[in-house]
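K.L.:
Chain by chain, the residues:
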Amino acid sequence: MKQPPEPDHLPYKIVIGLEVHVQLATRTKLFCRCNTQFGAPPNTQTCPVCIGLPGALPVMNDEAFRLSLQTALALNCQIPPSTKWDRKQYYYPDLPKGYQISQYDLPLSHDGFLEIHDSQQRFESKRVRIRRAHLEEDAGKSIHDERSGTADSRIDLNRTGTPLLEIVSEPDMSSALEARTFLDELKLVLVYQGVSDCNMQEGSLRVDANINLHIRDRETWIPTPIVEVKNMNSFRAVERALEFEADRQFDVWQETGQRLGDAPKQTRGWDDQAEVTRPQRGKEESSDYRYFPDPDLVPVNVSPQQLDQIRRQLGPIPAVLREQLQTQWGLGAYDADVLVNQGPRLVQYFTQLAEACGDAKEASNWVQQDVMRRLKEQQTEIDAFPVSAATLAELIRMKQAGQLDRSRAREVFQHMCDHLQSPQQAMTALGIQQVDTAELSALCRSLLDKNPAIVADVKAGKQQAIGSLVGQAKKQNPNVNPAQVKEICLQLIAEMS
Amino acid sequence: MSLIDLTATELQSQLALGHITAVEVTGAFWAQIERLNEQVGAFLATRRDMALEAAERIDLQRAKGAAVGPLAGIPVALKDLICTQGERTTCASRMLASFVPPYDATVVERLRSADAILIGKTNLDEFAMGGSTESSALGVTRNPWDLECVPGGSSGGAAACLAARMVPLSVGTDTGGSIRQPAAFCGVTGLKPTYGRVSRYGLIAFASSLDQIGPMARSAEDVALLLEVLAGHDARDSTSAAVPVPRYTECLRQPLSGLRIGVPRAHFADGLDPEVAAAVQEGLRVYRDQGAEIREIELPHGRYGIAAYYVIAPSEASSNLARYDGVHYGYRTDEAALLAEWREESRRLMDAGDTSALQQSDNPLVRMYRRTRAEGFGPEVKRRIMLGTYALSAGYYDAYYLKAQKVRRLIRQDYDRAFEQVDLILGPVTPGPAFRAGEKASDPLSMYLVDLFTVGANLAGIPAISVPCGFTSRGLPVGLHLQAPPLEESRLLRAAYMYQQTTDWHTRKPSLA
Ligand SMILES: [Zn+2]
Numbered sequence: 001m002k003q004p005p006e007p008d009h010l011p012y013k014i015v016i017g018l019e020v021h022v023q024l025a026t027r028t029k030l031f032c033r034c035n036t037q038f039g040a041p042p043n044t045q046t047c048p049v050c051i052g053l054p055g056a057l058p059v060m061n062d063e064a065f066r067l068s069l070q071t072a073l074a075l076n077c078q079i080p081p082s083t084k085w086d087r088k089q090y091y092y093p094d095l096p097k098g099y100q101i102s103q104y105d106l107p108l109s110h111d112g113f114l115e116i117h118d119s120q121q122r123f124e125s126k127r128v129r130i131r132r133a134h135l136e137e138d139a140g141k142s143i144h145d146e147r148s149g150t151a152d153s154r155i156d157l158n159r160t161g162t163p164l165l166e167i168v169s170e171p172d173m174s175s176a177l178e179a180r181t182f183l184d185e186l187k188l189v190l191v192y193q194g195v196s197d198c199n200m201q202e203g204s205l206r207v208d209a210n211i212n213l214h215i216r217d218r219e220t221w222i223p224t225p226i227v228e229v230k231n232m233n234s235f236r237a238v239e240r241a242l243e244f245e246a247d248r249q250f251d252v253w254q255e256t257g258q259r260l261g262d263a264p265k266q267t268r269g270w271d272d273q274a275e276v277t278r279p280q281r282g283k284e285e286s287s288d289y290r291y292f293p294d295p296d297l298v299p300v301n302v303s304p305q306q307l308d309q310i311r312r313q314l315g316p317i318p319a320v321l322r323e324q325l326q327t328q329w330g331l332g333a334y335d336a337d338v339l340v341n342q343g344p345r346l347v348q349y350f351t352q353l354a355e356a357c358g359d360a361k362e363a364s365n366w367v368q369q370d371v372m373r374r375l376k377e378q379q380t381e382i383d384a385f386p387v388s389a390a391t392l393a394e395l396i397r398m399k400q401a402g403q404l405d406r407s408r409a410r411e412v413f414q415h416m417c418d419h420l421q422s423p424q425q426a427m428t429a430l431g432i433q434q435v436d437t438a439e440l441s442a443l444c445r446s447l448l449d450k451n452p453a454i455v456a457d458v459k460a461g462k463q464q465a466i467g468s469l470v471g472q473a474k475k476q477n478p479n480v481n482p483a484q485v486k487e488i489c490l491q492l493i494a495e496m497s
Numbered sequence: 001m002s003l004i005d006l007t008a009t010e011l012q013s014q015l016a017l018g019h020i021t022a023v024e025v026t027g028a029f030w031a032q033i034e035r036l037n038e039q040v041g042a043f044l045a046t047r048r049d050m051a052l053e054a055a056e057r058i059d060l061q062r063a064k065g066a067a068v069g070p071l072a073g074i075p076v077a078l079k080d081l082i083c084t085q086g087e088r089t090t091c092a093s094r095m096l097a098s099f100v101p102p103y104d105a106t107v108v109e110r111l112r113s114a115d116a117i118l119i120g121k122t123n124l125d126e127f128a129m130g131g132s133t134e135s136s137a138l139g140v141t142r143n144p145w146d147l148e149c150v151p152g153g154s155s156g157g158a159a160a161c162l163a164a165r166m167v168p169l170s171v172g173t174d175t176g177g178s179i180r181q182p183a184a185f186c187g188v189t190g191l192k193p194t195y196g197r198v199s200r201y202g203l204i205a206f207a208s209s210l211d212q213i214g215p216m217a218r219s220a221e222d223v224a225l226l227l228e229v230l231a232g233h234d235a236r237d238s239t240s241a242a243v244p245v246p247r248y249t250e251c252l253r254q255p256l257s258g259l260r261i262g263v264p265r266a267h268f269a270d271g272l273d274p275e276v277a278a279a280v281q282e283g284l285r286v287y288r289d290q291g292a293e294i295r296e297i298e299l300p301h302g303r304y305g306i307a308a309y310y311v312i313a314p315s316e317a318s319s320n321l322a323r324y325d326g327v328h329y330g331y332r333t334d335e336a337a338l339l340a341e342w343r344e345e346s347r348r349l350m351d352a353g354d355t356s357a358l359q360q361s362d363n364p365l366v367r368m369y370r371r372t373r374a375e376g377f378g379p380e381v382k383r384r385i386m387l388g389t390y391a392l393s394a395g396y397y398d399a400y401y402l403k404a405q406k407v408r409r410l411i412r413q414d415y416d417r418a419f420e421q422v423d424l425i426l427g428p429v430t431p432g433p434a435f436r437a438g439e440k441a442s443d444p445l446s447m448y449l450v451d452l453f454t455v456g457a458n459l460a461g462i463p464a465i466s467v468p469c470g471f472t473s474r475g476l477p478v479g480l481h482l483q484a485p486p487l488e489e490s491r492l493l494r495a496a497y498m499y500q501q502t503t504d505w506h507t508r509k510p511s512l513a
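For the record, the sequence lines run as chains A and B. Using the working numbering, the first residue of the first sequence is number 1, and each one after it goes up by one. Using the working numbering, the first residue of the second sequence is number 1, and each one after it goes up by one.
Derived by calculation from the structure, the hints in this document are not laboratory data. Glycine included, C-beta positions come from ideal geometry on N, C-alpha and C. One or more of the hints may lead you astray.
To be verified - Think about it this way: if two alpha-carbon atoms lie no more than 27 Å apart in a straight line, the pair counts; the simulated DSS-like pairs of lysine-lysine are:
1. K88(A) - K440(B)
2. K265(A) - K462(A)
3. K382(B) - K88(A)
4. K126(A) - K13(A)
5. K475(A) - K462(A)
6. K361(A) - K486(A)
7. K187(A) - K141(A)
8. K509(B) - K84(A)
9. K187(A) - K230(A)
10. K361(A) - K376(A)
11. K486(A) - K475(A)
12. K88(A) - K403(B)
13. K486(A) - K187(A)
14. K403(B) - K84(A)
15. K265(A) - K230(A)
As the list claims (entries may be wrong) - Far from chain B, some chain A residues (derived; all Cβ distances over 10 Å):
16. T44
17. P48
18. I143
19. E170
20. Q273
21. D288
22. W329
23. T380
Can you build the whole structure from these sequences, using the hints too?
P.N.:
See the structure below:
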């Protein structure tokens, strides 16, 4: 990982704003009742409305609007009492009406924020402002070579009309890492709200970035022309594209000295293979979308009651949850971070476990070290995990009661996972029995008899010498509890004197 | 008296009594279409066989004693911008000349379930843009009262087929006067309902915030009958009014007592044809004689109506018509020719080494868009697309579109204030009678002025009706315009019915019919 230089020593600041398009998890499209499922054969999920046949009219999907409000609230946005629909007009073969129904000057939400932080402290925690989040319909998919002039153009309109929430941040991020972290956190918020599956491969989440530099000039800063970067297919790609772009822009500055306003806004596409950004056609930049209110739709009013109801049903907010895990369960910031970043189901598993075993620290260790490793190995989700929180809690309690040590408990855990057994069953299967106290005392006594040198060492104050006895005890009987062996041996030695 | 001279209401009762059959009725109107459509040109498409089959089915049902719909066995004409499943819907445009919708408009569904006999699709100005039906790319419609004259527009075919007795009922659309003006020119009764009263689903949009489907017939009674079937809330149209539909035919005969009629002074100002003025004044006298109180009123912003209308309507049209680009359906230019030309041009530029011209030359897609639209639309449609595109452009939006919307609100307020004092507003439908074909064709501005008295109702979203009230010395019909507050269609119909009880202008018949 490239370590960012100290800001004071950098000749420039990076300024990044993001535009994220999120496909909402509705069953049907935004203005018709066609299915939104991904992967259907081309043009099978269409109707007169979404393919823009003459005379067809749009009717808003209430569920899509509700999910948008929910997301906006989770992003701390302001929700005005009334919002409307506008037509954004341009020609493209995948846009059958010649316009996209979107929201222009009265978006359904504005002025929110998302806190970002880095557990490795590579940047200072900050609040990234959300300028607006508005709802719009998606276009279709073109497989189209405009320049070739051949008849190869293909258009799939299955996606046309799918609800998209466009979330626009303010240019508050000052490194590619911050942008990446913003996206991770945003995705987490969306997943916690259950409003989108955020699958970038299927196009459920798309990111465009605006980036420029502020060049240090003694006491002031000179902004360079803004570049919009598109075609980034993963968060990793966003991070790399922005790193590349910042370097490239500084080179351009040194070469040309162009300031903001000297050149029109440029659009560049990220080439993931070549790891460079390349200029895209400049034609669209000058286009005038001729926005105007869609006369086929009526304004949407949002009542305080409706907002209250959505607020009550709001899913957990990751930042709030991290805070709760620290204050209510006494976890450290790092542990809280790891758990929350795994998603709401895992956090729920943890809280159930902590409650059932009565030891949050212990529960956190088990979840992070054992459960998560197992999930990773098996490539599954916590929903499909074979051991319930209650069952795992049983095992942890047995360990706490001294019936098992950590390593034996882990063996039992593995066995429980592999064979879907309870802790008792697993212990029986592994031949683990509890060692009787009398038996244990006898064992310790015989060890002390055989090892007078160690006894002498302990008596002389070298407590750690006892470790060798524990090892010998385990060799003779793998079921013994090391802590108990240690305790009994120390007691017997004490009695000797 | 021939069957074609009966009103729909009369046909309905004769059919119910079993005195006549649906097949006889359909056959009679069909014969008239056969006889006159070549001269009048009201229909772009007719469907004799399907109409007769439907009529037979209805007769059979009636014979079995089964229940039938309110329009059972009555032929109805549809303006050809209302979608009919499996049957061409052209908007009288080359662009959609072969477009076959895969679905029925809501009003078509309603007509079908009312057992109406859909007999054909009527001509109109291309995409309903015009006031004479002359901008139709697919045919010429003449005024049955004088074949030298236009029938009005845009619902010119819809009005002409009624006047020529080719149908008893006709469905039109009105964006700035497109039902009322041709109704006046052809001497029939036509109503523009309140915006939202009739579903627009399946109506091919011209200007979405102004378009409204409405009934046309030869009497107020028939208009009521048809409106009852067309009107009602539709979940597929977000702008549809969720308000119950009154039984217009039942309240029709209740006279309006203590009626207060407002007359806008400006509607009788300079420029109004004196014969039209006289006929309308005579109509006003009829109401006065029936006890109505006549008041002069002001609609102060009325004079800005045309200006506002010709910003808003083209703006919406420029957007609504963007979809006709040759990509998904409708007309597409000859691609092979286009590509050959493009290759030739590219080769020429390449040979000349003119790389910058090559870079700037439009790609085949843009060429396809451009040429498809250039060839597919007629001049009036293009003119309005350009007007609207301009009005919505960055830097002009506030001065044009936004200002026009402000005027629109003021006009609505004018009406609200006026209706605090009066129940109805009365005036002429048009500044003059039907004009000669070609007379205004080269002067779009004078053509736009025929909407002078009618656009107000569209901008304000209120209902209005055109009722025959006399003839000029040359024998051309004149229309009386009544406007009412939102959702007061029944008031309009009762007032029109009252009028038609004491006058017989609406029963007059052009000699060719
Ligand atoms: Zn659809």
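K.L.:
Can you give the numbers of the hints that this structure goes against, from lowest to highest?
P.N.:
1, 2, 8, 13, 17, 21
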